[in-house]
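K.L.:
Following the hints, put chain X in place on chain S, whose structure we already have.
Chain order of the listed sequences is S and X.
Residue 1 is where the first sequence starts when you use the working numbering, and the numbers rise one by one after that.
Residue 1001 is where the second sequence starts when you use the working numbering, and the numbers rise one by one after that.
Hints may be right or wrong, so weigh each one.
Partial list, computed: chain X residues near chain S (C-beta under 8 Å) [unchecked claim]: (1) Arg1029; (2) Asp1031; (3) Phe1036; (4) Glu1058; (5) Ala1066; (6) Pro1076.
Just so you know, these hints were derived from the structure itself, not from any lab.
Computed from a prediction, not measured in an experiment: that's the story for all the values here.
Glycine is no exception: its CB is placed at the ideal position from the N, C-alpha and C atoms.
Number of protein chains: 2
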Amino acid sequence: MEQLRKAIETQAIGIGSDIVKVDMFLNHRIDTGLLFAMGRAWAEEFREEKPDLVLTVEASGIAMAAAAAHELGDIPVVFAKKNPAVTNTGEMVEAPVYSFTHKKQNMICVDRKYLPEGSRVLIIDDFLADGEAVRGMMSLCDQRMAKVVGVGIAVEKGFQPGGKQLREMGIHLKSLAIVDGIEDGKIRLREEN
Amino acid sequence: MEQLRKAIETQAIGIGSDIVKVDMFLNHRIDTGLLFAMGRAWAEEFREEKPDLVLTVEASGIAMAAAAAHELGDIPVVFAKKNPAVTNTGEMVEAPVYSFTHKKQNMICVDRKYLPEGSRVLIIDDFLADGEAVRGMMSLCDQRMAKVVGVGIAVEKGFQPGGKQLREMGIHLKSLAIVDGIEDGKIRLREEN
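Same shape as in the complex, but just chain S (with noise of 0.2 Å):
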């Protein structure tokens, strides 16, 4: 997405050999004009599964998966959460999540009664790297029996093994910039097909 891969060469910081930092626009400070457009590329990648909701992980995919439901016709939106507050009462759905942003284990959960056995759910996050996130989020769907009929993602590191292994599952993955690598702080982006 053009947008997207402005955006990451003009103002993304590339840091060792795989930190991609997008603080300016998206993970700290969000450019919310970038915001929904990226929420427009994602609704017209997936509008055809008919997603019934979408599904992200507290906190950076928040902001990213409200846009794409917003673009898809004001879909529900479930974040799923890291720490579970004292206030849920409600029966929850758990899987582990490794972080290696914050280099620990986190349990994400979401309640039972907001993935709905059956539904069409549509993956949305910031990055796609290992891996970790997204299948944990396939895990609590498929523990409810819903249907994962997509997965969005904003930043793809390409040079891990993440999306390579969606693909060949055969999960619908629409990944809106590719990085291939980080070199000397330069950051690498795969060309568009």
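P.N.:
What follows is chain X alone, placed relative to chain S:
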């Protein structure tokens, strides 16, 4: 705001004397149609304050902030973080916030460069009770010499002191619904004026 009041009346759960659980439509599952109607209500209230950006705290404020920012013409959103990631290399301003939900104190922080000196800031958050989160965000703005031009809240707990204190300070505060009490699980909403 009628649509939010109706959602609270029909779907929210009152627990004990002070917990209003809005997981079904705001804080875990999001009713996206309601979310953007709330965004329009805040935009209408605060448009004349000419905010440059919307500030909130992760996680549950993010969707509301994005909706308000979209309806204000796609101005940027900045969300303060609770758990600085290892990828945060920028210089941060910080403020303490006690969370009654999680029963612990968090530091919230924002990268200085995303809260520019002199900017006009609209604070958006889901709940206003003791006012801890809003005061934390106001402190971040003060530290950056940014001006808080308004505070938009989804659900104010009118029986706790946060809203009263902000109004006495002369802050332009708009709560879309005000809960005056919870008795035997029943949530009592203040009449709109």
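K.L.:
So, as I understand it, the hint says X:Phe1036 touches chain S; can you test that by seeing if any CB pair is closer than 8 Å?
P.N.:
Holds - the Cβ of X:Phe1036 comes within 8 Å of chain S, reaching about 6 Å at its closest.
K.L.:
Regarding the hint that X:Glu1058 lies at the interface with chain S, is the smallest CB-CB distance below 8 Å?
P.N.:
With Cβ-Cβ at 4 Å, under 8 Å, it holds.
K.L.:
Holds or violated: X:Pro1076 as interface residue toward chain S, Cβ cutoff 8 Å?
P.N.:
holds (6 Å)
K.L.:
The hint names X:Asp1031 as touching chain S; please verify it with the least Cβ-Cβ distance against 8 Å.
P.N.:
Since chain S brings a Cβ to about 6 Å from X:Asp1031, closer than 8 Å, the hint holds.
K.L.:
Go through the hint on X:Ala1066 and say holds or violated, using the shortest Cβ distance to chain S against 8 Å.
P.N.:
Result: holds, 4 Å to nearest chain S Cβ.
K.L.:
Can we keep the X:Arg1029 interface hint, with Cβ of chain S closer than 8 Å?
P.N.:
holds (4 Å)
Of the numbered hints stated above, none is contradicted by the structure.
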